[in-house]
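A.B. asks: Sequence:
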Amino acid sequence: MSAGLPLGLGLPLAFAVPSVIDATDAIWAQITAAALILVGAAAVVLAYWIWSTHPRLRKVPTAAAVVCYFLSVVVMILGNAHPSGPGSGPVAGPSVAPSSSVTTTAQPSNPVATTAAGPRCWSASKEAIDCREKHRFEELLGATNCDQDAVVRFLGGSPAIDAVTAQAAAAPGGVCAVQTDEDVMGSAHNVLQNGTAAGWRRCFDRRTQSAVNCSQLHSREYVATGSTHRPTPDECVAAAATYLNQLPANLVDDLVVGVKDVPSGNPDPARCTIDARGNQLLDDSVRSLGVRPVPIHTT
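Following the numbering used here from start to finish, the sequence shown increments by one per residue and tops out at 333.
Each hint should be verified, as a subset may be incorrect.
Have a look at the derived ranges for each label pair, beta carbon to beta carbon [stated by the list, open to error]:
| hint | residue 1 | residue 2 | range |
| --- | --- | --- | --- |
| 1 | A158 | Q314 | 34 to 40 Å |
| 2 | Q250 | Q201 | 31 to 37 Å |
| 3 | V290 | D217 | 17 to 23 Å |
| 4 | R166 | N284 | 41 to 47 Å |
| 5 | D164 | P267 | 45 to 51 Å |
| 6 | N284 | T178 | 36 to 42 Å |
Keep in mind that the hints were calculated from the coordinates and are not lab data.
Backbone N, C-alpha and C fix where the C-beta goes; we use that ideal spot for every residue, glycine too.
Let the hints inform the model, and build the full structure from the sequences given.
C.D. replies: What follows is the structure, given as structure tokens:
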């Protein structure tokens, strides 16, 4: 019977502790559980000692057991009544799943003409077309004047030095646009900042006596001065030095700087020339040449 008493006193603790543990985040429950365990353990030891050494007091353990059962029931009730979780605020209602219906907006039939942020483009026949497709005209965004200087700035160059193949033109609706000599794909904005951008620069081929872009074999490259007056030879040397990012005197074995035969007042921005010496040809632009080798074509 002495062994059954501790077990009898421990059973209520076994039932009470889970109720306390359920309230793991309630501070009061943790304190109560710890205190109950300590009191229960002390009661078991005390009861066993009394049962063994004081026969006359054997009724006391029985009373202690009753008290422990009573306390266990109280703790279980309080533990179950106190919900786990922070605070004692109102219980959250059931979550509502977001609606599966999505409002869609019809795509415009002509995205190029209705795009607010991007430029508009047109084909050679001036039909609106996506700028990612082949086109001949591109809206000149941000231009205050529809002139050649605005074109050069849009392309990412300097009107004071760069002579380009593209020109200012009127697109449908009177829109100011960049017009190219041939079909291109993608926007031309800042294209002159990509490498030499030879395909956008003005050159000349003495063999055919025709204007070409500088990505083709050529014998001459044109340089602007930012002015419509006829420049002096020294002014062209200075312009060529800026264009080449190199002193022309250091390149006399391969290049010759000259003055383009254009009268003052002519709107053509090309005013100076950089020619390949002798019968040599160039296969790339000499813009920003710096310390790179002169792109003399070799067969």
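A.B. asks: If a hint holds in the structure, say so; if it does not, say that too.
C.D. replies: Structure-based check of all given hints:
1. Distance hint for A158 and Q314: a CB-CB separation of about 35 Å, consistent with the stated range 34 to 40 Å.
2. Checking the proposed 31 to 37 Å range against Q250 and Q201 shows it is violated: the Cβ atoms sit about 19 Å from each other.
3. Distance hint check: the CB atoms of V290 and D217 are about 34 Å apart, inconsistent with the given range 17 to 23 Å.
4. A hinted range of 41 to 47 Å holds for the C-beta pair R166 and N284, which are about 42 Å apart.
5. For D164 and P267, the Cβ-Cβ distance of about 47 Å falls inside the hinted range of 45 to 51 Å, so the restraint holds.
6. The given range of 36 to 42 Å is respected by N284 and T178, whose C-beta atoms sit roughly 39 Å from each other.
Checked against the numbered hints listed earlier, the structure breaks hints 2, 3; every other hint is satisfied.
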